[in-house]
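For the record, the sequence lines run as chains A and B.
Under the numbering used here, think of the first position of the first sequence as 1, with each following residue one higher.
Under the numbering used here, think of the first position of the second sequence as 85, with each following residue one higher.
No lab work stands behind these hints: they were computed from the structure.
Careful, some of the hints might be misleading.
Derived lysine-lysine pairs resembling DSSO-like cross-links, with alpha carbons at most 30 Å apart [as the list claims (entries may be wrong)]:
#1 Lys249(B) / Lys50(A)
#2 Lys119(B) / Lys277(B)
#3 Lys216(B) / Lys50(A)
#4 Lys249(B) / Lys216(B)
One side of the interface only, derived from the structure: several residues of chain A facing chain B at Cβ under 7 Å [said to hold, decoys possible]:
#5 Met13
#6 His14
#7 Phe21
#8 Asn71
Computed list of chain B residues with no C-beta within reach of chain A, every gap over 12 Å [stated by the list, open to error]:
#9 Arg129
#10 Asp152
#11 Gly231
#12 Leu241
#13 Pro242
#14 Met247
#15 Lys249
#16 Ile292
#17 Leu322
#18 Glu347
#19 Arg363
#20 Gly369
#21 Arg448
All C-beta atoms, glycine included, are put in the ideal place defined by N, C-alpha and C.
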Amino acid sequence: VSGRGAVYTWTVMHEPRVAGFEAAVPYATIVVELEESTAGSPVLLVGNLKEVPPDEIRLGEPVEVWFEDLNEELALPQFRRSAE
Amino acid sequence: MTIAGKVCVVGVGFSPLARRSPLPLGALTMEAARKAIADAGLSPREIDGLATNPALPMQGASSRDGLDVVTPSFLAQTLGLEQATWWTRTEASSFNHVLIEAVNAVAAGACRHALVWRALHNPTTGKYGAFKERRAAGAGQWSAPWGLATAVQTHALPYMRYMRKYGATREHMATFIVNNRRYAHLVDHAVWKDVPLTREDYLAARYITEPYSLLDCDMPVDGAAAFVLTTAERARDLPAPPAYVAGYAQGLTRRTATIWTLEEIYEGGRELSRLLWQRTGLGPGDLRAPQLYDGFSAFVYWWLETLGFCAPGEAFAFIQDGRIAPDGALPLNTGAGSLGCGRMHGPNQVAEAVRQVQGRAGPRQIAGARYSLAAMARPGAVGAAIVFAADLP
Chain A
1 VSGRGAVYTW TVMHEPRVAG FEAAVPYATI VVELEESTAG SPVLLVGNLK
51 EVPPDEIRLG EPVEVWFEDL NEELALPQFR RSAE
Chain B
85 MTIAGKVCVV GVGFSPLARR SPLPLGALTM EAARKAIADA GLSPREIDGL
135 ATNPALPMQG ASSRDGLDVV TPSFLAQTLG LEQATWWTRT EASSFNHVLI
185 EAVNAVAAGA CRHALVWRAL HNPTTGKYGA FKERRAAGAG QWSAPWGLAT
235 AVQTHALPYM RYMRKYGATR EHMATFIVNN RRYAHLVDHA VWKDVPLTRE
285 DYLAARYITE PYSLLDCDMP VDGAAAFVLT TAERARDLPA PPAYVAGYAQ
335 GLTRRTATIW TLEEIYEGGR ELSRLLWQRT GLGPGDLRAP QLYDGFSAFV
385 YWWLETLGFC APGEAFAFIQ DGRIAPDGAL PLNTGAGSLG CGRMHGPNQV
435 AEAVRQVQGR AGPRQIAGAR YSLAAMARPG AVGAAIVFAA DLP
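Just chain A, with the same shape it has in the complex (with noise of 0.2 Å):
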């Protein structure tokens, strides 16, 4: 796939009660629709959009894929605005 699509919806989490995002809150996780959907038949990622103030978060902005390392073994892939 082409790693770019749009926002399709998104929630921001403001209790600290998922592992390892305790700290994070309030944090956005977003649900992308690839750029490869069809009719009927949405290719759904979810990711965070670190660099975007939740309120700033608009349903169907274009976003584009980044990973982000999270050790030497792991890499997350994650989501930023589109360039253009």
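Once you have looked at the hints, place chain B on chain A.
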């Protein structure tokens, strides 16, 4: 062949619903069951069918019989249900599956007097709905590494899309929440019975996960609800007016992903709704005081829209201007639902729909409630809706 008019609810009973009960869950369930059996005008010896869904309130909760769950064997022993032979227990958390199983069993003649209950405890250890694993496996590996791992979060996702797509706000939802609380003051077992709530209180409530605040989520409680079902023929000999099952429809999610979408809710809900109206020969215009599931507040919007009370994207506007108040065109959730009574996963809706068509809803009674409806869980997916009727079709 149709189920319509064959089976009816003739007994309803609740224990108190409290955030923390001083009594063990087994005792609360015995109380609810005894009340339901007495309400039906029966004795425990006449109960010959048992059905419950002892699903745990959260992952990892313990399951000691009589303390954390209440099984058919527990009630058969403690209440002396000597005739009980047909029984079932399902693992689904929502009450609809087990209730429908009992309806089918009575209709099939597998039992004559079925006792159906839901007992739920509020765990004293751990944080309700918390995710404490250090590794995520299975479907969770696609969401937990980004901090998405609890039910309230996954349910918040379609509501955020709904709000942004259609322009719904928390001010719109305040109308429903405040209306609901007024009904809670009229329900004896409601956990929020004595706590008033203003629009300002709702708007000031702290977020759990946006857009859901504390007051958009039902409160976990200790408590139990029970129902007695029997055949229409047998009901003629019993004291209470029967609430006939006019029909039901269920949904099933046909995929296993953890992220489900607003579009799926609409698609599954429409399918469920079409089936329900086809089976009952009724439509939304025939119903009074529908009882729509509200474990998370936005479920009510989606049930209103998919059952056909209004079009998709319109429910938040539809509920304004007094329409859902007791004297409005569509009094809604007069039983105060899960948000008013406490987290039971469906019995609050069933009890009030039954009471309304029985004409026994007391201060909440809506005139002319010949048909009412209980909708449980979310539209489509795991949800179901059951229509109750005051008389035979």
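Hint check:
Proximity of Lys249(B) to Lys50(A) is assessed by CA-CA distance (about 23 Å); at most 30 Å being required, the pair is judged to hold. For the proposed pair Lys119(B) and Lys277(B), the alpha carbon gap of about 20 Å is at most 30 Å, so the pair holds. Proposed proximity of Lys216(B) and Lys50(A) is supported: the alpha carbons are some 22 Å apart, at most 30 Å. For the given pair, Lys249(B) sits about 33 Å from Lys216(B) by alpha-carbon distance, which is inconsistent with the 30 Å threshold.
Contact between Met13(A) and chain B, as hinted, is supported at the beta carbon level, the nearest pair being about 5 Å apart and thus within 7 Å. With a cut of 7 Å, the hint placing His14(A) at the interface with chain B holds, because the nearest CB-to-CB distance is about 4 Å. With a least beta-carbon distance of about 4 Å to chain B, the hint placing Phe21(A) at the interface is held under the 7 Å criterion. The criterion of a C-beta within 7 Å of any C-beta in chain B is not met by Asn71(A), whose closest approach is roughly 13 Å, and the hint is violated.
Residue-level check passed: Arg129(B) sits 47 Å from the nearest beta carbon of chain A, beyond 12 Å. Every C-beta of chain A lies more than 12 Å from that of Asp152(B), the closest at about 21 Å, which supports listing it as non-interface. Residue-level check failed: Gly231(B) sits 4 Å from the nearest beta carbon of chain A, not beyond 12 Å. At the 12 Å boundary, the C-beta of Leu241(B) falls inside the reach of chain A, the nearest C-beta of that chain being 5 Å off.
For Pro242(B), the non-interface assignment is contradicted: its Cβ lies about 7 Å from the closest Cβ of chain A, within the 12 Å cut-off. The claim that Met247(B) is not at the interface with chain A is violated, since a C-beta of that chain comes within 12 Å of its own (minimum 9 Å). Its closest Cβ contact with chain A, about 6 Å, brings Lys249(B) to no more than 12 Å, contrary to its assignment away from the interface. Distance check for Ile292(B) against chain A: the nearest CB is about 6 Å away, which does not clear 12 Å, and the non-interface claim fails.
For Leu322(B), the condition that its CB be more than 12 Å from all CB atoms of chain A holds, with the nearest at approximately 47 Å. The Cβ of Glu347(B) does not lie farther than 12 Å from every Cβ of chain A; its closest approach is about 8 Å, which violates its non-interface assignment. Interface exclusion of Arg363(B) from chain A stands, the closest Cβ pair being 27 Å apart, more than 12 Å. Every CB of chain A is more than 12 Å from the CB of Gly369(B) (nearest about 31 Å), matching its label as outside the interface.
Residue-level check passed: Arg448(B) sits 34 Å from the nearest beta carbon of chain A, beyond 12 Å.
The structure fails to meet hints 4, 8, 11, 12, 13, 14, 15, 16 and 18 from the earlier list, while all remaining hints are met.
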